[in-house]
Amino acid sequence: MKNIVIFSGSSHPHLTDLICKQLDLVPGKCNLSKFSNQETNVELFESVREKDIFIVQSGCGHVNDNLIELLIMISACKITSAKRIVCVIPSFPYSRLPNSPYTKNGNTISRIPESEKSKLLNLTRKPEHGEPIKQKKNVSITNLGEIPASNDHSGTYKHWTCRAGNLVAKMIVEAGADNIITMDLHDPQFQGFFDIPVDNLSSQLLIAKYIKMNIPDYQQAVITSPDAGGAKRATALAELLKMTVALVHKDRVFHNDEMSLVGDVKDKVCIIIDDIIDTSSTITRAAQLLVNNGAKKIYAIITHAILSGDAIQKVNDSCIDELIVSNSIPQDEHVKACTKIKVFDIAPLFAETIRRIHNGESVSTQYKNSDIYME
Amino acid sequence: MDAPSNSIKIFAGNAHMELAKLIARRLNLDLAKAAVLKYTNNETSVTIGESVRDEDVYIIQPGCGDINDNLMELLIMIHACKTASARRITAVIPCFFYARQDKKDKSRAPISAKLIANMLTVAGANHVITMDLHASQIQGFFDIPVDNLYAEPSTLKYIRECIPDYKEGKVVIVSPDAGGAKRATSIADRLDLEFALIHKERKKANFVSRMVLVGDVTGKTAVLVDDMADTCGTLGKAAQTLVENGATKVYAIVTHGILSGKACEVINNSALTQVVVTNTIPHEDKKKLCPKIATIDVSPTIAEAIRRTHNGESVSYLFHNVPA
Numbered sequence: 285m286k287n288i289v290i291f292s293g294s295s296h297p298h299l300t301d302l303i304c305k306q307l308d309l310v311p312g313k314c315n316l317s318k319f320s321n322q323e324t325n326v327e328l329f330e331s332v333r334e335k336d337i338f339i340v341q342s343g344c345g346h347v348n349d350n351l352i353e354l355l356i357m358i359s360a361c362k363i364t365s366a367k368r369i370v371c372v373i374p375s376f377p378y379s380r381l382p383n384s385p386y387t388k389n390g391n392t393i394s395r396i397p398e399s400e401k402s403k404l405l406n407l408t409r410k411p412e413h414g415e416p417i418k419q420k421k422n423v424s425i426t427n428l429g430e431i432p433a434s435n436d437h438s439g440t441y442k443h444w445t446c447r448a449g450n451l452v453a454k455m456i457v458e459a460g461a462d463n464i465i466t467m468d469l470h471d472p473q474f475q476g477f478f479d480i481p482v483d484n485l486s487s488q489l490l491i492a493k494y495i496k497m498n499i500p501d502y503q504q505a506v507i508t509s510p511d512a513g514g515a516k517r518a519t520a521l522a523e524l525l526k527m528t529v530a531l532v533h534k535d536r537v538f539h540n541d542e543m544s545l546v547g548d549v550k551d552k553v554c555i556i557i558d559d560i561i562d563t564s565s566t567i568t569r570a571a572q573l574l575v576n577n578g579a580k581k582i583y584a585i586i587t588h589a590i591l592s593g594d595a596i597q598k599v600n601d602s603c604i605d606e607l608i609v610s611n612s613i614p615q616d617e618h619v620k621a622c623t624k625i626k627v628f629d630i631a632p633l634f635a636e637t638i639r640r641i642h643n644g645e646s647v648s649t650q651y652k653n654s655d656i657y658m659e
Numbered sequence: 011m012d013a014p015s016n017s018i019k020i021f022a023g024n025a026h027m028e029l030a031k032l033i034a035r036r037l038n039l040d041l042a043k044a045a046v047l048k049y050t051n052n053e054t055s056v057t058i059g060e061s062v063r064d065e066d067v068y069i070i071q072p073g074c075g076d077i078n079d080n081l082m083e084l085l086i087m088i089h090a091c092k093t094a095s096a097r098r099i100t101a102v103i104p105c106f107f108y109a110r111q112d113k114k115d116k117s118r119a120p121i122s123a124k125l126i127a128n129m130l131t132v133a134g135a136n137h138v139i140t141m142d143l144h145a146s147q148i149q150g151f152f153d154i155p156v157d158n159l160y161a162e163p164s165t166l167k168y169i170r171e172c173i174p175d176y177k178e179g180k181v182v183i184v185s186p187d188a189g190g191a192k193r194a195t196s197i198a199d200r201l202d203l204e205f206a207l208i209h210k211e212r213k214k215a216n217f218v219s220r221m222v223l224v225g226d227v228t229g230k231t232a233v234l235v236d237d238m239a240d241t242c243g244t245l246g247k248a249a250q251t252l253v254e255n256g257a258t259k260v261y262a263i264v265t266h267g268i269l270s271g272k273a274c275e276v277i278n279n280s281a282l283t284q285v286v287v288t289n290t291i292p293h294e295d296k297k298k299l300c301p302k303i304a305t306i307d308v309s310p311t312i313a314e315a316i317r318r319t320h321n322g323e324s325v326s327y328l329f330h331n332v333p334a
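Protein chains in written order, with this note's numbering: chain A, 285 to 659; chain B, 11 to 334.
Among the hints, a few may not be true.
[To be verified] Incomplete in silico selection of chain B near chain A, CB under 7 angstroms:
(1) L47
(2) N51
(3) M82
(4) Y108
(5) N128
(6) M129
[Claimed, not checked] With a straight-line cut-off of 27 angstroms between C-alpha atoms, the simulated DSSO-like cross-links for lysine-lysine are:
(7) A:K454 <-> B:K92
(8) A:K403 <-> B:K31
(9) A:K313 <-> B:K113
(10) B:K297 <-> B:K247
(11) B:K31 <-> B:K296
(12) B:K31 <-> A:K313
(13) A:K493 <-> A:K410
(14) B:K31 <-> A:K410
(15) B:K113 <-> A:K454
(16) B:K116 <-> A:K367
(17) B:K124 <-> A:K335
(18) B:K177 <-> B:K192
(19) A:K580 <-> A:K620
(20) A:K367 <-> B:K113
(21) A:K286 <-> B:K116
(22) B:K177 <-> B:K210
(23) A:K335 <-> B:K180
(24) A:K493 <-> A:K550
(25) A:K318 <-> B:K116
(26) B:K113 <-> A:K362
(27) A:K598 <-> A:K401
(28) A:K318 <-> A:K286
Keep in mind the hints are simulated off the structure, nothing from the lab. As the structure is a prediction and not an experimental result, all values here were calculated from the model. Think of the CB as a built atom: it goes at the ideal place given N, C-alpha and C, for glycine as much as any other residue.
Based on the sequences and whatever the hints tell you, model everything.
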């Protein structure tokens, strides 16, 4: 292939190597480091003028460092006349954000580490000083009757957490990206945040292939979604493989953490399907519920395995028998720490997509024609 | 009908809470309620605890420490206030991010400062207040107003009040490199003092090889002035050069004391009598390692700039005066 350079960010060089190997290329030479004051330093040693540039950077590890590094790499390519800059972001950062630091029943959510909890006290502290410089005036609005404006909103204001996905999208576009390749976005609507084309690849066929090849008597197993949000993903896969479905859902009616199960899993093998495993609390608890309901073996197949905090410990202690994850995020450390983890390779999917984008071919037809999914 | 008067909210990220508190206290305000924290997967989370609708919002976050984390905190806070209908959002960045990566000095070198300017704009900032930009041309990277404050008035005050020998006029202002000559001559002129220049040959970044002194410092107190001190290699060598040329004492007055790497060690082992930095960057932990560090508080200048911006007054008074 001519006029193409694939650069690797520092988040996941191994994946870049795998992709380049498929395409018979070598990754572009560059130096990614930090100055002594912690600023990111990017030096590209390969000419990019009038070339197709692909930058592989996953949202993992030190997410912010990796994101800023990606932005600087895009910008460096942009100002040196690259023809097209394509960001390959297998696991998209800031794509799954809660809207409050608390769960419905008042506990802090599991992804806030113990050391950060004290900062939440800020939200409820009492003012130390007097009145602000200027007090808001009560404004009466004509013709709408008397609407008294409250002077003090602090007592009633409901705190909320900023969802930064839209911001991250705008930042990547602003830096100069022309195209995004990602996989299994948590919300498919996320694509609408971008003003540039987004190819949201699906791992569904890779997962289907894995199930067919590695899970004995898979037709008898039950595909399970660990929460209501993932029901669509699970049913689509079940339909493809002609399997039955069960659904775990967090019972929100009673404002407690009880989970309930819809569907029959007694004496069955369960395959939990989800897009992201982070602190693993949802999935391990769903697995426990399935076992309590008579499931005899639990597989979990999840695309993006962030496994932060004490997730590995939780998986080890849980009744999940096998955790199958993709290499959208580096898994070497996780595999060492947890023997239940098996990894399937997504590099062929990305390599084929890169080849098609570079050659101007359709990306979607690869799902039908490619030999990646052949058994 | 009276237009609703918008009031002021001051938020702070985690980069420099002490400075934010000093500024807020000076303005007789509380910092607005927000929880800025990091999830277990290292993503930054910003929770806003009070209404900013139609308010004049100021977010204080200098570029220091874990630069990229602090930058993301600032961007997400701006974005949060933007989406919550703030009337105007001013990013107060006493020490600008990536200020030294401001030119394409070799093939494919990124102009990261320009990238940061774009990111701040895209996040929703309407205005930027900063101090002693490494190159004032960085203001041109923005399409929004940038107020570049000067630490110079505070520096002059410090020299007048705290440098011994000033009253006898036995002080020489020294620029540690040719690039800072303008800054140093300006200070020397305002104080009616002699001026000297150190010329250095730089072969690699953060590495200084040979120094030549232009001007006379014999028997005098030399005051090195610069906009930032990072690894302090330059300052250490400059002090050595000054002492070799007969200076009795060497002070360094620097706006942004990044003091990364082995800076403290370098200062301790150098000929410097004192290194004076402003509190645009937190350095309390550095002070414990290095007793030669002294602080100039610039929070009055920043607070006054915020007050004037909020009330629609001119800030140019602050370019030459320290608020009382």
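Against the structure, the hints:
Checking L47 of chain B against chain A: minimum C-beta separation of about 4 angstroms stays under 7 angstroms; hint holds. Because the smallest distance between the Cβ of N51 of chain B and any Cβ of chain A comes to about 4 angstroms, under 7 angstroms, the interface hint for this residue holds. Below 7 angstroms, beta-carbon pairs count as interface contacts, and M82 of chain B has one with chain A at about 4 angstroms; its hint therefore holds. Annotation: interface hint on Y108 of chain B holds; nearest CB of chain A at approximately 6 angstroms, less than 7 angstroms.
Given hint, N128 of chain B at the interface with chain A, holds; its Cβ is 5 angstroms from that chain's nearest Cβ, closer than 7 angstroms. With a least beta-carbon distance of about 5 angstroms to chain A, the hint placing M129 of chain B at the interface is held under the 7 angstroms criterion. Only pairs whose Cα atoms come within 27 angstroms are accepted, and K454 of chain A paired with K92 of chain B is accepted, the gap being roughly 14 angstroms. Under the criterion of a C-alpha separation no larger than 27 angstroms, the hint pairing K403 of chain A with K31 of chain B is consistent with the structure, at around 15 angstroms.
Restraint check for K313 of chain A and K113 of chain B: the C-alpha separation of about 22 angstroms stays at or below 27 angstroms, so the hint holds. The suggested pairing of K297 of chain B with K247 of chain B holds, with an alpha-carbon distance near 21 angstroms, which does not exceed 27 angstroms. Restraint check: the Cα-Cα separation between K31 of chain B and K296 of chain B comes to about 20 angstroms, which is no more than 27 angstroms; the hinted pair holds. The suggested pairing of K31 of chain B with K313 of chain A is violated, with an alpha-carbon distance near 45 angstroms, which exceeds 27 angstroms.
Restraint check for K493 of chain A and K410 of chain A: not satisfied, since their Cα atoms lie roughly 57 angstroms apart, outside the 27 angstroms limit. For the given pair, K31 of chain B sits about 15 angstroms from K410 of chain A by alpha-carbon distance, which is consistent with the 27 angstroms threshold. For the proposed pair K113 of chain B and K454 of chain A, the alpha carbon gap of about 24 angstroms is at most 27 angstroms, so the pair holds. Between the alpha carbons of K116 of chain B and K367 of chain A the distance comes to roughly 20 angstroms, so the proposed pair stays at or under 27 angstroms and holds.
Between the alpha carbons of K124 of chain B and K335 of chain A the distance comes to roughly 23 angstroms, so the proposed pair stays at or under 27 angstroms and holds. About 24 angstroms separates the Cα atoms of K177 of chain B and K192 of chain B, which keeps this hinted pair within 27 angstroms; it holds. A C-alpha spacing of about 26 angstroms is found between K580 of chain A and K620 of chain A, which places the hinted pair at or below 27 angstroms, so the restraint holds. Distance restraint check for K367 of chain A and K113 of chain B: the Cα-Cα separation of roughly 22 angstroms lies within the 27 angstroms cut-off, and the hinted pair is therefore satisfied.
Restraint check for K286 of chain A and K116 of chain B: the C-alpha separation of about 25 angstroms stays at or below 27 angstroms, so the hint holds. Using a Cα cut-off of 27 angstroms, the hinted pair K177 of chain B and K210 of chain B is violated, with the two alpha carbons roughly 30 angstroms apart. Restraint check: the Cα-Cα separation between K335 of chain A and K180 of chain B comes to about 61 angstroms, which exceeds 27 angstroms; the hinted pair is violated. Between K493 of chain A and K550 of chain A the CA atoms are separated by roughly 25 angstroms; this keeps the pair inside 27 angstroms, and the hint holds.
For the given pair, K318 of chain A sits about 17 angstroms from K116 of chain B by alpha-carbon distance, which is consistent with the 27 angstroms threshold. For the proposed pair K113 of chain B and K362 of chain A, the alpha carbon gap of about 14 angstroms is at most 27 angstroms, so the pair holds. Pair hint K598 of chain A plus K401 of chain A holds up; C-alpha atoms about 20 angstroms apart against a cutoff of 27 angstroms. For the hint pairing K318 of chain A with K286 of chain A, the CA-to-CA distance comes to about 32 angstroms; that exceeds 27 angstroms, so the pair is violated.
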